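A.B. asks: Spelled out from the first residue to the last, the chains are:
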Amino acid sequence: GAVVSQHPSRVICKSGTSVKIECRSLDFQATTMFWYRQFPKQSLMLMATSNEGSKATYEQGVEKDKFLINHASLTLSTLTVTSAHPEDSSFYICSAKGSLGANVLTFGAGSRLTVL
Amino acid sequence: GENVEQHPSTLSVQEGDSAVIKCTYSDSASNYFPWYKQELGKGPQLIIDIRSNVGEKKDQRIAVTLNKTAKHFSLHITETQPEDSAVYFCAASITGNQFYFGTGTSLTVIP
Chain W
8 GAVVSQHPSR VICKSGTSVK IECRSLDFQA TTMFWYRQFP KQSLMLMATS NEGSKATYEQ
68 GVEKDKFLIN HASLTLSTLT VTSAHPEDSS FYICSAKGSL GANVLTFGAG SRLTVL
Chain R
174 GENVEQHPST LSVQEGDSAV IKCTYSDSAS NYFPWYKQEL GKGPQLIIDI RSNVGEKKDQ
234 RIAVTLNKTA KHFSLHITET QPEDSAVYFC AASITGNQFY FGTGTSLTVI P
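Here the protein sequences come in this chain order: W and R.
Number 47 in the working numbering belongs to position 40 of the first sequence; there are no gaps in the numbering.
Number 182 in the working numbering belongs to position 9 of the second sequence; there are no gaps in the numbering.
Bear in mind the hints are in silico, worked out from the structure with no lab data behind them.
Keep in mind that this is a model prediction, so the values were computed, not measured.
Glycine included, each C-beta is placed from N, C-alpha and C at the ideal position.
Careful, some of the hints might be misleading.
What the hints assert, rightly or not - Quick list of the computed label-pair ranges, beta carbon to beta carbon: (1) 218/R / 73/W: 23 to 33 Å; (2) 231/R / 72/W: 40 to 50 Å; (3) 68/W / 202/R: 37 to 47 Å; (4) 27/W / 218/R: 19 to 29 Å.
As the list claims (entries may be wrong) - Simulated crosslink set (DSS-like; lysine-lysine; CA at most 27 Å straight-line): (5) 195/R / 71/W; (6) 21/W / 241/R; (7) 241/R / 231/R; (8) 27/W / 230/R; (9) 195/R / 230/R; (10) 21/W / 230/R; (11) 241/R / 73/W.
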């Protein structure tokens, strides 16, 4: 079945630094990738939708200059949290949708970001 | 836009009993309804899904029902086991380009 790999699974960084999270579709071409943020015991909050080769579409209230999303290929999307602050600490999850089984969404395992 | 509500937020059942989680949606154009299971510290995993042209779908101990008229769909887990303990999310999608998630149900199966 479809597999999405997300890396790193955990990252701790100092305030003010930038952190990059990668999301890869391993066995299918992901035409669309989604990035979510999840707070403890809460639902998934969609941050942005990215389509390969085009700019990401950000949800209202999400700072595009802070959360940089790049979808350079059909198998890789990256989320960069720039100038991270403690309030950016969260669980970030990506998901990918391919052209086959068009509506089926496959999630990565998530990345736990802790900003000190 | 679409609004998905999910109930209950927490659910405890005895091992072997059944568990039912219900979701409602607002946009009649939604046509795809997946259910995800999320274990602690992991990403959600698709466990079953249903499309709007089907009223019920079953996969071993898991089943999903859809009532398009009432705009609600439910997840049914029979013969629950401790390993079923997790957070379950429902979702609704219109075109497959936008997914709207419920608020999650934390299921605890008591041995």
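A.B. asks: Confirm or reject each hint.
C.D. replies: Cross-check of the supplied hints:
no.	hint	verdict
1	218/R / 73/W: 23 to 33 Å	29 Å, holds
2	231/R / 72/W: 40 to 50 Å	47 Å, holds
3	68/W / 202/R: 37 to 47 Å	25 Å, violated
4	27/W / 218/R: 19 to 29 Å	25 Å, holds
5	195/R / 71/W	35 Å, violated
6	21/W / 241/R	49 Å, violated
7	241/R / 231/R	18 Å, holds
8	27/W / 230/R	39 Å, violated
9	195/R / 230/R	15 Å, holds
10	21/W / 230/R	48 Å, violated
11	241/R / 73/W	40 Å, violated
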